[in-house]
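Asks: Each chain, letter by letter, is given below.
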Amino acid sequence: MKQFSNLNRDDIKKTYSFQCKIEEIRQTSGPTIFTLYDGTKTIKSTGFIKPGERAFPELERGQNVSIKGQVFERDGFFEIEIKEATPLNSDLEKEFIENLEKLANQQAEPFDIPFIVDSKVLNDLRPMMLNVAKEIRKAIFSNRKIILKHHADCDGYSAGIALERAILPLIQEQHGVDSAEWFYYKRGPSKAPFYEYADVVKDLSFSIDDMNRFGQKAPLIILADNGSTEQDLLAIKKLKIYGAKVVVIDHHYPGEVVNYRVAVDEFLDAHVNPYLMGHDSTMCAGILGTEIARMINNNVHQIKHIPALAATADRSKGEAIDKYKEIAFKIGLDQEYLSKLAECIDFESYYVKFMESRGLVNDLFGADVDKQRQMVELLYKDIEKRYEKSLLAAKHYMKVEDGGKYLLVSLVADKVTSRGEYPAIGKLIGMTHDFVSNQNPSRGVISMGLGPDFITLRMSDSVNFSVSELINELTKKIPHGSIEGGGHKHAGSIKFLEGAHDEVHKLLFEKLRGF
Amino acid sequence: MKQFSNLNRDDIKKTYSFQCKIEEIRQTSGPTIFTLYDGTKTIKSTGFIKPGERAFPELERGQNVSIKGQVFERDGFFEIEIKEATPLNSDLEKEFIENLEKLANQQAEPFDIPFIVDSKVLNDLRPMMLNVAKEIRKAIFSNRKIILKHHADCDGYSAGIALERAILPLIQEQHGVDSAEWFYYKRGPSKAPFYEYADVVKDLSFSIDDMNRFGQKAPLIILADNGSTEQDLLAIKKLKIYGAKVVVIDHHYPGEVVNYRVAVDEFLDAHVNPYLMGHDSTMCAGILGTEIARMINNNVHQIKHIPALAATADRSKGEAIDKYKEIAFKIGLDQEYLSKLAECIDFESYYVKFMESRGLVNDLFGADVDKQRQMVELLYKDIEKRYEKSLLAAKHYMKVEDGGKYLLVSLVADKVTSRGEYPAIGKLIGMTHDFVSNQNPSRGVISMGLGPDFITLRMSDSVNFSVSELINELTKKIPHGSIEGGGHKHAGSIKFLEGAHDEVHKLLFEKLRGF
Amino acid sequence: MKQFSNLNRDDIKKTYSFQCKIEEIRQTSGPTIFTLYDGTKTIKSTGFIKPGERAFPELERGQNVSIKGQVFERDGFFEIEIKEATPLNSDLEKEFIENLEKLANQQAEPFDIPFIVDSKVLNDLRPMMLNVAKEIRKAIFSNRKIILKHHADCDGYSAGIALERAILPLIQEQHGVDSAEWFYYKRGPSKAPFYEYADVVKDLSFSIDDMNRFGQKAPLIILADNGSTEQDLLAIKKLKIYGAKVVVIDHHYPGEVVNYRVAVDEFLDAHVNPYLMGHDSTMCAGILGTEIARMINNNVHQIKHIPALAATADRSKGEAIDKYKEIAFKIGLDQEYLSKLAECIDFESYYVKFMESRGLVNDLFGADVDKQRQMVELLYKDIEKRYEKSLLAAKHYMKVEDGGKYLLVSLVADKVTSRGEYPAIGKLIGMTHDFVSNQNPSRGVISMGLGPDFITLRMSDSVNFSVSELINELTKKIPHGSIEGGGHKHAGSIKFLEGAHDEVHKLLFEKLRGF
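Those protein sequences? They're chains V, E and D, same order as listed. Counted the way numbering that gives the first Met the number 0 counts, the first sequence spans residues 0 to 514. Counted the way numbering that gives the first Met the number 0 counts, the second sequence spans residues 0 to 514. Counted the way numbering that gives the first Met the number 0 counts, the third sequence spans residues 0 to 514.
What the hints contain is simulated information worked out from the structure, not anything from laboratory work. Just so you know, not all the hints are guaranteed correct.
As the list makes no split between identical chains, a pair holds if one copy fits it or if it spans any two.
Once the Cα atoms are required to be at most 35 Å apart in a straight line, the calculated DSBU-like pairs of lysine-lysine come out as [as the list claims (entries may be wrong)]: (1) K40 - K388; (2) K43 - K322; (3) K201 - K370; (4) K20 - K384; (5) K40 - K133; (6) K380 - K494; (7) K303 - K93; (8) K380 - K12; (9) K82 - K316; (10) K12 - K216; (11) K93 - K404; (12) K133 - K43; (13) K339 - K476; (14) K190 - K101; (15) K488 - K133; (16) K475 - K339; (17) K13 - K510; (18) K488 - K388; (19) K398 - K13; (20) K339 - K13; (21) K201 - K190; (22) K49 - K185; (23) K1 - K190; (24) K101 - K49; (25) K388 - K12; (26) K20 - K370.
Given the structure is predicted, the values throughout are model-derived calculations rather than measurements.
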C-alpha cells in the first residue's frame with residue numbers, strides 16, 4: 000500500500016487509498032483540514048463541501064480510518080484531497096494499531112551505549128536511564144510536545160541543555176521544518192527546588208489551549224534536577240489528569256526509598272535518581288542528563304564538557320567526577336574556567352528568571368565558543384566586584400557566636416542584600432560560610448541567612464545532623480508554625496510563618512548551642 | 000444582487016457587482032488586501048497595481064462602496080479581485096446603511112424566554128438583561144471583538160463561563176473558522192473588586208494595537224461581577240474615548256440609586272444590577288450571567304448547574320436559590336460536591352491569576368465531567384490540608400477580645416499567611432470568623448485581618464452596621480489617611496496609608512468596643 | 000543585469016541571473032526558502048529537491064552568490080525558483096560587497112538641515128546627531144531591527160515618540176508591507192535611569208531567538224534619555240558581543256568627559272550628549288530626539304510640539320526653550336495644556352509600565368488630537384484628586400527641621416504612598432518640595448523621601464552641592480553599605496543596604512545640619 004513517506008512528484012493528481020489515524024480536525028472558513036498519520040509521516044489533507052462547512056462530519060479526532068484521496072502539491076508540500084473516508088473495521092483497526100505501536104516502539108528504542116565514564120553508580124542506574132530516554136524518544140517520534148522544566152541553577156541548566164542538544168535535532172528531523180523546534184519543544188527554568196503548583200497551572204493552561212487549538216497531544220514533561228519529592232506530587236498528579244507523560248531526572252533526596260521506589264513513582268512514566276539505588280547525590284543532574292542525552296541521540300554534539308561543569312557547580316567529588324573533568328580539561332576548559340563559567344551561569348540565570356532564552360543560554364553553554372569566552376570575561380569581572388561588595392557587607396554585619404561544638408554565623412537577609420540584585424541571600428550565605436570556614440579551619444561552622452519567614456542554612460561537612468532533621472524537630476515543637484523546607488543534607492532552607500519567627504529562632508539557637 | 004453569502008463554486012472566474020463596506024485595508028508587499036462586508040458575510044478581496052503599491056488609494060477604511068470584481072477560490076476560500084470601486088452616492092449609501100442596521104438589529108435580537116427559575120427579582124431585571132444580551136449579540140454579528148473581564152472569585156468565574164459558553168459557538172458560527180474564537184474573544188479574571196486602571200491600560204493597549212494592526216473594531220468589554228461602582232468610572236470613561244462598548248453584569252452595591260440609575264450608567268451601553276431595581280445582592284453574578292447566556296444563545300449547553308455553584312460560593316439564600324440548587328442536585332451535583340467544587344475554583348483561580356486558561360477553567364466548570372471529578376478529588380484533599388494548617392496557625396495567633404456587644408477577633412495578616420500561598424488573608428479571616436462564630440453561637444462576631452495598610456473584615460449577619468459605614472467614619476476623622484475600601488455589607492476591606500495605621504486602629508477599636 | 004526592484008509582471012515564468020546575498024535560509028516540510036537581497040530589494044526564493052529536504056545544501060546564510068532562477072508570482076508577491084546557485088568568485092564578490100556598501104551609505108545619509116530653533120548648543124552637537132541619524136537610517140535600509148529603549152518619564156517618551164514617528168514610515172516604505180513596522184521595530188520604556196542588566200537579558204533573549212528563528216540581523220539598540228553613564232556599560236558590552244549596534248541620545252551627566260568622550264563611547268556606534276561638548280542637561284532628550292528625527296526623515300509629521308512638552312516636563316529653561324514653546328503655543332498648545340499633558344504622560348507611563356502600548360502612547364502624543372484632548376481632560380481631573388489626597392498626607396506626616404542653612408523636609412516613603420498607586424514617592428517628594436519651597440521662598444530646601452534602603456532627594460537650585468557629591472561622601476565613610484545612586488545635580492536618589500540605614504541617616508543628617 001502507498002505510504003505518506005514515499006509519495007513523490009509522480010503521484011501528483013493520482014488517487015490512492017491510505018490507512019491512517021486522524022490526528023487533528025480543524026474547520027477553516029474554506030475547507031475542513033484533517034491531519035493524518037499513517038505511521039510513516041504526518042500529512043495535511045482537506046475535505047470540502049462548501050466554504051466554512053464541516054466536511055465528513057462523521058469523522059472524529061483519534062479515529063483510525065481508510066481514506067481515498069487525490070494527491071496535490073501546494074507550496075512544495077504534498078496534500079491529499081479526501082474523496083472517501085471510512086472507519087477501519089475492528090480487525091483492520093487492531094492490526095493498524097499494532098503496527099503503529101510496533102513502529103513507534105522500534106523508533107523509540109534508545110541507544111544502549113557505554114557511559115562517557117565508567118562508574119558503578121551509573122551502571123546501577125542504567126535501566127532507569129534507558130527508560131527515561133525511551134519515553135523521550137517516543138514523544139519525539141509520535142509528535143508529542145516536550146516541555147523540559149529544570150531547576151534554575153547551573154546543575155539544572157546543565158541537565159536541561161544536554162537534553163535539549165539531543166532532542167532538538169531529532170525533532171527537526173522528524174518534522175523536516177525549522178519551526179518544529181519551537182512548536183514541539185519548550186524549556187523553562189524553575190526557581191523553586193520542586194515543581195510548584197503555580198508553575199504547573201501555567202504550563203498546563205498553555206498546553207491545554209494548544210491541545211484544543213492546534214490539536215496537539217498532551218505534552219511530555221521532563222523534570223530535571225527536580226521532581227523526585229513529595230512536594231512535586233500535586234503538580235505531577237494534575238498533569239496525569241490531562242494525560243500528560245512525566246519523566247524525572249533528579250539527584251535530590253527523594254524521601255524514604257522502599258523497593259527502589261518513592262511516592263512519586265506511582266505517577267511517573269520513568270524516573271532516575273541515584274537515591275533509588277541506594278546512592279547519594281554525587282551524580283548530579285547535569286551528569287545524568289548528559290548520559291541520557293547520548294542514549295536519546297547517538298549523534299549529539301557539544302555535551303561532553305557539561306558533566307564537569309555541573310559537578311563543579313554542585314561541588315561533586317570522586318573518581319568518576321575526576322574522569323569527567325579530565326575530558327573537559329582536554330578540550331581546553333581548565334578548572335578555573337569551569338568555576339568561572341559556573342558562576343556566570345548562576346549569575347545569568349538569576350536575570351533570565353522564568354524565560355527560556357534559548358539562544359542566549361545555548362551560547363553560554365558553548366554553542367558559540369567564542370561568545371562564551373567573551374561573556375565569561377565580561378560577566379566574571381562584574382560578578383567579582385559584586386561578590387567583593389557583598390562580602391564586605393556580610394563581614395561587617397554578620398554575627399559570629401561560638402556555639403560550643405560549632406561556630407554559628409548569622410546574617411539578617413534583608414539587611415545585607417538588595418531586592419532584585421545578585422547575589423541573593425542563598426549565594427551570599429554560601430560565600431560567608433566559606434569565608435568563616437577558611438578563617439577557622441579547625442571548627443565546624445553553621446551559617447544562617449535569617450529572613451522574616453525563612454532561614455537559609457549552610458553547614459560544614461563535619462556537622463553530624465541534616466537540615467531535614469532540624470525541620471522535623473521544629474515541626475514537632477511548633478506545630479502551628481507551618482514549618483517547611485528541604486534541600487541537601489548540609490545546605491537547605493527552613494520556611495515558617497512570620498508569626499512563628501521568634502519561637503523558631505529561640506528553639507533553633509538553643510539546639511545549635513546545645514551540642 | 001449577488002451577495003457574499005450565496006457565492007458558490009459556479010461563480011468562480013465570473014465577475015459581479017456588490018455593495019459593501021470596507022472593514023479593513025492592509026498593504027502587503029504584494030497586493031493590497033480589502034476586507035469587505037455586505038451585511039451577509041465578510042470576504043477578503045485584493046487589488047493589485049504592482050507589488051507593495053497601494054491599489055485604489057482613494058478608498059478608506061469604513062467607506063461604503065460599490066465594487067465590481069472577479070471571484071476566485073484560494074485554499075478553499077472565495078476571494079474577489081477588485082476591478083472597479085466607487086463610493087456609493089448618498090442615496091444608495093443611506094439605503095445600504097439602513098439595511099445593514101436593520102439586518103444587524105434583527106440578528107442581535109435576544110431570546111426573550113422564561114428564566115430557569117421563576118423569580119420576582121429576575122422578572123424586574125428582565126429588560127436590563129435583555130439589553131445586555133442584545134449588545135453582546137450585536138458585537139458577535141458585527142465582528143466586534145469581545146473582552147470579558149470578571150471578578151477572580153467563584154461567582155465571577157461562574158458568570159464568565161456561562162457567558163463564554165453562549166458566546167463562543169456563535170462566534171464560531173459567524174466566522175466559520177476555528178481560530179475565530181481566539182481572534183474575536185478573550186476572557187480575563189481581575190483580582191480587584193473593580194476595573195483597575197492598570198487593567199484597562201493593559202486591555203486597551205492590546206486592543207488599540209490590534210485595531211491598528213488588524214483593522215479590528217473597538218472591542219465590547221463585558222464586566223461581570225464587577226463594574227457597577229464609582230471606582231470603575233475612570234476605566235470605563237477611558238474605554239469610551241476609544242469607542243469601545245461596555246456592558247456590566249454585577250450584584251455589588253453600586254452606590255446611591257436614583258431613578259434606576261447610578262453614576263456609571265451615563266457611560267454604559269447596558270447594565271444589570273439587582274440594586275438598580277431596589278433589590279439586594281442575593282441574585283449573584285453567576286445567576287445573572289447564566290440567565291443572560293440563555294438570552295444570547297438559546298442552544299447553550301452545560302450551564303444549568305452554574306447558578307447553584309455561584310450561589311453556594313457567595314452564600315446566597317432564598318426560595319429561588321433553592322430551586323436552582325434542585326436543578327444541580329438532579330444532575331448529580333449534591334450540596335457537598337458543589338461546596339467542594341466552589342473551594343477548588345477559588346483555589347485554582349488563586350494560581351491562575353490574570354491568565355485566561357480557557358481550557359483548564361472550562362474543564363473545572365465541567366466541560367469534561369470526568370476531569371472535573373478527578374480535579375475536585377485531587378485538589379480538595381490538598382486544600383483541606385492547607386486549611387487545617389492555616390486554621391491551626393490562626394487559632395494559635397489570633398486575639399479574641401470581648402468588645403461588649405460583639406466579639407472582636409484579630410489576626411495580623413503577614414504573621415499567619417505566607418506570601419504567594421493559598422489561602423491568603425481574605426479566605427483565612429473567613430475561616431477564622433466561622434470557627435469563632437461556631438464556638439460562640441450566641442454572640443455577634445467581628446473578625447479582622449490586620450495588614451500594615453489594610454484591614455479585611457468579616458462580620459456576623461447580626462451586626463447592625465456595614466463596612467462602608469466604617470469607611471465613611473474613618474475617612475471623616477482621618478482625612479489625611481487616604482482611607483478607601485468597599486465590598487459587601489458584612490464582608491469587605493479598608494485600605495489606608497501605612498502612616499495612618501495606628502490612628503485607624505485606635506479609632507476602629509474604640510468604635511467597635513463602644514457598642 | 001536584472002534587479003529585484005525592477006521585476007514586473009512580464010517577467011513571470013522567465014529565467015534570469017542575479018547577484019545577491021543570502022540573508023536567511025529556512026527549511027520547511029516542503030521546499031527550502033532562501034531570502035535574497037541584491038541591494039535593491041529583498042525577495043523570497045525557493046529551492047526544492049523533495050519535501051523537507053534541504054535544497055542547495057552547500058549554500059550558507061551570509062554568502063554572496065550568483066543565482067539563476069525562474070520568476071513566479073504567488074499571492075501577488077514575486078518569487079524566484081532557484082535553478083542554479085554558485086558563490087561569487089573573490090573579484091566579483093569584492094565588487095558586489097563594495098557596491099552594496101556604497102548603496103547602503105548613500106541611502107543612510109541623513110538630512111543635514113537647519114534645526115527647528117537656532118541654538119549654539121545644538122550646533123555644537125550637530126556632528127554627533129548626524130552620526131546617530133545615520134546609524135538609524137543604515138539600520139532601516141539594511142533590514143536591521145530597531146529596538147528603541149527610553150526612560151519611562153515624559154522626556155524619555157518624548158524622545159522615543161519623535162524618533163518613532165520618523166522611523167516607522169521609512170520601515171513601511173522599505174518593506175512595502177504593513178506588518179513590517181511590527182517585525183522590524185519595537186519600543187520599550189525602562190524604569191531605571193540606566194539600561195539595567197535584567198532588561199538587556201530580556202531584550203537580547205528575544206533578539207537572539209528571532210535571529211536564530213527568522214534569520215534577523217542583530218538589532219540596533221537606541222537608548223534615549225538613558226545610556227551615557229558607566230552604569231550602562233555592562234548592558235552595552237553584552238549587546239556588542241552579539242554584534243548589535245548601539246546608539247545613545249542622552250542629556251544626563253555622563254561622568255568625567257575627556258577629549259569629548261566618556262567611558263561608554265568605546266562601545267557605542269554613535270552618541271550624543273550635551274555634556275560631551277561641555278554643556279549641561281538643558282537640551283533634554285525630547286529636544287535632541289525631535290531634531291534627530293528630522294535628520295532621519297525629512298518628511299516626519301507631528302513632532303514640532305514635542306520639544307516644548309519635554310522641556311516643560313524636565314523644567315528646562317532658556318532662550319532656545321522659549322522658542323520651542325512659541326511653536327507649540329502657535330499650534331494651540333498653551334503652557335497650561337503642556338503642563339497638564341506632561342502630567343498625564345507621567346501618570347499613564349506609571350501604568351503602562353514596560354509595555355510598548357504603541358497606539359495608546361501615540362494618541363497621547365497627539366496622533367489623534369481629539370483623543371488626546373479627551374484623555375487629558377479625563378485623566379487630569381483624576382490626577383488632581385490624587386495629588387490633593389497625597390499632598391494632604393505628605394503635609395500631615397512630613398517632618399520639617401531647620402537644619403541651619405537649609406530647611407530639611409523628610410517623608411517616610413512607605414508611610415505616605417501606597418504600593419502600585421500613583422503618585423509614587425519620587426513624584427510626591429517633588430510636590431512636597433515645591434509646597435515647602437513656596438511657603439518659605441527665602442530658604443533653600445532639601446526634601447527627602449526616606450525608604451528602608453533608599454533616599455530620594457530634591458534640593459533647591461540654591462543648594463551648593465550635588466546628589467553625587469553626597470553619594471561619594473557616604474560611599475567613602477560607609478564602604479560596607481553598598482552605597483549607589485545618581486540622577487541630576489539637585490534631584491536624584493541614594494541606594495544602600497537596609498543594614499546601613501541608620502549609619503546613612505546619621506551621617507547624612509549630620510552633614511546637612513552642618514552647613
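Asks: Can you give the numbers of the hints that this structure goes against, from lowest to highest?
Replies: 1, 2, 4, 7, 8, 9, 11, 14, 17, 19, 20, 23, 25
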